[in-house]
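K.L.:
Which chain is which? The protein sequence lines are D and H, in order. Start counting the first sequence at 1; every next residue gets the next number (full-length UniProt numbering). Start counting the second sequence at 1; every next residue gets the next number (full-length UniProt numbering).
If you're looking for bench data, these hints aren't it; they were derived computationally from the structure. Wrong hints could be hidden among the right ones.
Facing chain H, a subset of chain D residues (Cβ under 8 Å, in silico) [to be verified]:
1. 163
2. 363
3. 367
The C-beta atom is built at its ideal place from N, Cα and C for all residues, glycine as well.
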Amino acid sequence: MMLTTTFILFGLFIVFRLFYIFVPIFSIKNNDKLQLLNEEKGITVLVPAYNEEAIITDCLKGLLNVNYKNFEAIFINDGSGDRTFSVLEEILELNPLERVKAGELSHKPTKGIYQSDKYPHIYVIDKINGGKADALNAGIELTSNEIIVTLDADSILDTNALQAVNTTFEEDRVIAAGGMVQISQGYRGSHKKPTPVFSTSGLIRFQIIQYMTDFYLHKFTQSKMGAITVIAGAFGAFRRHALFEVDGYRNTVGEDMDITLKIQKLLRTKYKNKKMVIMSHALCFTECPATFIDLYRQRIRWQKAFIDCIWTYKYMFFRKLRFLPSLYLLLDSLILGTLCAFIVLTAPFIIILNPSNFIIALGLFTLAYVIALYQGAAALFISRRYGVSYTKNDYMRVVMFLPFEIISYRLLGLLFVSLGTILYLKNKKGWAASRRVGVSYQTFE
Amino acid sequence: MKRIIFNVAFAVSFVVIFASVFTFYLDEFAGAYNGIETLSPSDQLEILECYDWSEQISDFPMENGKGAEEVPVLIYHRIVDDAAVTKSHYDDSANLHSTIVLKSEFIKQMEFLYEEGYTVLNSKEFLLFMMNELEVPEKSVLLTFDDGYKDNFREAYPILKKYDFTALSFLITSIIPKSDEKYKAQDVQYFSTQDIENSCDIFEFYSHTFAFHKQTPDLEAHLKEKSKEEIKKDISVSLHNLNERNRAFSYPSGEYDLDTIAILSELDIEMAFSIDKINAEPGMNLLEIPRKEITSTTGMEDFKHKLIEKNPTDTGS
Numbered sequence: 001m002m003l004t005t006t007f008i009l010f011g012l013f014i015v016f017r018l019f020y021i022f023v024p025i026f027s028i029k030n031n032d033k034l035q036l037l038n039e040e041k042g043i044t045v046l047v048p049a050y051n052e053e054a055i056i057t058d059c060l061k062g063l064l065n066v067n068y069k070n071f072e073a074i075f076i077n078d079g080s081g082d083r084t085f086s087v088l089e090e091i092l093e094l095n096p097l098e099r100v101k102a103g104e105l106s107h108k109p110t111k112g113i114y115q116s117d118k119y120p121h122i123y124v125i126d127k128i129n130g131g132k133a134d135a136l137n138a139g140i141e142l143t144s145n146e147i148i149v150t151l152d153a154d155s156i157l158d159t160n161a162l163q164a165v166n167t168t169f170e171e172d173r174v175i176a177a178g179g180m181v182q183i184s185q186g187y188r189g190s191h192k193k194p195t196p197v198f199s200t201s202g203l204i205r206f207q208i209i210q211y212m213t214d215f216y217l218h219k220f221t222q223s224k225m226g227a228i229t230v231i232a233g234a235f236g237a238f239r240r241h242a243l244f245e246v247d248g249y250r251n252t253v254g255e256d257m258d259i260t261l262k263i264q265k266l267l268r269t270k271y272k273n274k275k276m277v278i279m280s281h282a283l284c285f286t287e288c289p290a291t292f293i294d295l296y297r298q299r300i301r302w303q304k305a306f307i308d309c310i311w312t313y314k315y316m317f318f319r320k321l322r323f324l325p326s327l328y329l330l331l332d333s334l335i336l337g338t339l340c341a342f343i344v345l346t347a348p349f350i351i352i353l354n355p356s357n358f359i360i361a362l363g364l365f366t367l368a369y370v371i372a373l374y375q376g377a378a379a380l381f382i383s384r385r386y387g388v389s390y391t392k393n394d395y396m397r398v399v400m401f402l403p404f405e406i407i408s409y410r411l412l413g414l415l416f417v418s419l420g421t422i423l424y425l426k427n428k429k430g431w432a433a434s435r436r437v438g439v440s441y442q443t444f445e
Numbered sequence: 001m002k003r004i005i006f007n008v009a010f011a012v013s014f015v016v017i018f019a020s021v022f023t024f025y026l027d028e029f030a031g032a033y034n035g036i037e038t039l040s041p042s043d044q045l046e047i048l049e050c051y052d053w054s055e056q057i058s059d060f061p062m063e064n065g066k067g068a069e070e071v072p073v074l075i076y077h078r079i080v081d082d083a084a085v086t087k088s089h090y091d092d093s094a095n096l097h098s099t100i101v102l103k104s105e106f107i108k109q110m111e112f113l114y115e116e117g118y119t120v121l122n123s124k125e126f127l128l129f130m131m132n133e134l135e136v137p138e139k140s141v142l143l144t145f146d147d148g149y150k151d152n153f154r155e156a157y158p159i160l161k162k163y164d165f166t167a168l169s170f171l172i173t174s175i176i177p178k179s180d181e182k183y184k185a186q187d188v189q190y191f192s193t194q195d196i197e198n199s200c201d202i203f204e205f206y207s208h209t210f211a212f213h214k215q216t217p218d219l220e221a222h223l224k225e226k227s228k229e230e231i232k233k234d235i236s237v238s239l240h241n242l243n244e245r246n247r248a249f250s251y252p253s254g255e256y257d258l259d260t261i262a263i264l265s266e267l268d269i270e271m272a273f274s275i276d277k278i279n280a281e282p283g284m285n286l287l288e289i290p291r292k293e294i295t296s297t298t299g300m301e302d303f304k305h306k307l308i309e310k311n312p313t314d315t316g317s
């Protein structure tokens, strides 16, 4: 019985991996270049910030360097206890301003709205702390442009990112779109023309490969299948009306997954012809945790956010959400991603107790290893087709690193997933209260 | 064009590598997956103290001090319920396979033993009798079952239990399923580990080899054809499976030769059973104990005859 279950799960795992590897390989062309449009649609970029004094200037610089005219950016200082607001004030030379609110989404009171004297398309909202969702809602209230981009304060937009958003939303059917999040430690040189590098610590290398796989393979495939379940909070784009129709963001630990699922609900009920896609050319660079303890905190948070969302939407799968996103969430994310983490972690003990299964476990491991190697290779090839190409030396480094990474850092990921789930389930009630105590807004899915 | 070639090469190389790894492990997967996982060489049944009752020696009421001089040892294979008999139980010439005894027949046979006051011995009593160290009643018998068919548990066990009889069951340990499956009379099924644990109050379990209940392509028994090392290894593995219970052994199809006997003796096996038409009596080689086969064609008269019939006077020494 247990063996049958193992084989079924493993079969499922293989099927999903095959999709992730071969859908992108066969559908993405070489030198897939971004098509620039002449007409620029109006875009508002919302940047919620809570205690981001150290990093917010980089984010601002990224916005100032964007190769796009018809946009405004609104920083929302969510009652930071540090100098976030002063930093913005000094650089931007802020003047108080009156702006019309839509009056549809409730949020914590604002203390003031300001416009930059120096860069008139940059605005700042200073408000009382209410959490990331609350800050985003305050920002949405002030928008009038058709497209709203949400950006984390620790993320830096690529110069062509908004052009890519513009091109993506040229298609009327697109109601929301996810950007490609890259790891800033994996790049060197100017922000205007960053060069990808692989000479960095193992912990960061592991995350570079993971983000690459996640965005270029997983998210791309999900996009093709209409099964996107998370538009990363770091960088996403939405049609303004959709955000209002779902009553804005909900205050939860995983507000990015939550808003994505709310829009998926909209796609199932109201906008049957519309779709959610991934913007392969819209890059942003985010700093990933550089120490084990920070990585641990981030991953535990992600996993708690994920389980929380699954729990919240438990009655909506298949009924209120489309078939494929439901299937993806339940099978790949929950069963394969979370439950199997426990199985894989307990496998060594099961083998010790019952050595007769050793060969079978070894067989399954070898198959999974082959798949993982090909998946890593596919991620590199696909990102290269989008112009993310490393030097020969760096490719050598990847080739040396990948076989080792699969059996080291990646297994650590399983531990995080398991721990996050246990911690969430253990403290389900307590968690709700601690939601607002945001340490950082660095969430991704 | 270049991309297409690359994609195809990428896909093909993947398929080739993945398929070769898969084929390499296919036997293991299939073996495990064929539904049932069976005992592996390292496994041990949890029956260490389960049939300690077989060490007990009954206080036999001996009338006139007249003990048995010889004891018939009966060997059964399958016991199938009359109502459950299907095509699969018949051979090519439309006869019930000889190894199958119908449940109704088995009931009559056990009833007979009970009503006639037969004493069913356990292994210890029988061993001491064979060593001339114990007197057993004139009407004594030893019941044995070969191969460990699941129907022995389903059909024979309740009947034996009803009459308070016990029996020796010889298991081919490599085919013991580790998880219980539903009993299907039409299939050939074997005692699962659970069945064994649930019936050790009636059955004593001993080795019928680990995996050598087979024949080579030219129909020679493994126990005669394989090398001495291989045979010894196979049997010791089965003993390991059985918590080193080495009181008894049964030769698959009753076939053995001098080498086999030597191996069993090296492995300290106390008694080994073959198949013959005569009763067991003290003085016989303990590794060549004869058993009388009960088959599908054994009628009641035949059965009684097998019990009563004495050995010709020139055997046994």
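K.L.:
With reference to the structure, classify each hint as holding or not holding.
P.N.:
Hints, one by one, checked against the model:
1. Annotation: residue 163(D) was flagged as interfacial toward chain H, and the flag is violated, the nearest CB pair being 25 Å apart, outside 8 Å.
2. The closest approach between the C-beta of residue 363(D) and any C-beta of chain H is roughly 3 Å, which is under the 8 Å cut-off, so the hint is satisfied.
3. The criterion of a C-beta within 8 Å of any C-beta in chain H is met by residue 367(D), whose closest approach is roughly 6 Å, and the hint holds.
The structure is inconsistent with hint 1 alone, although it conforms to all the rest.
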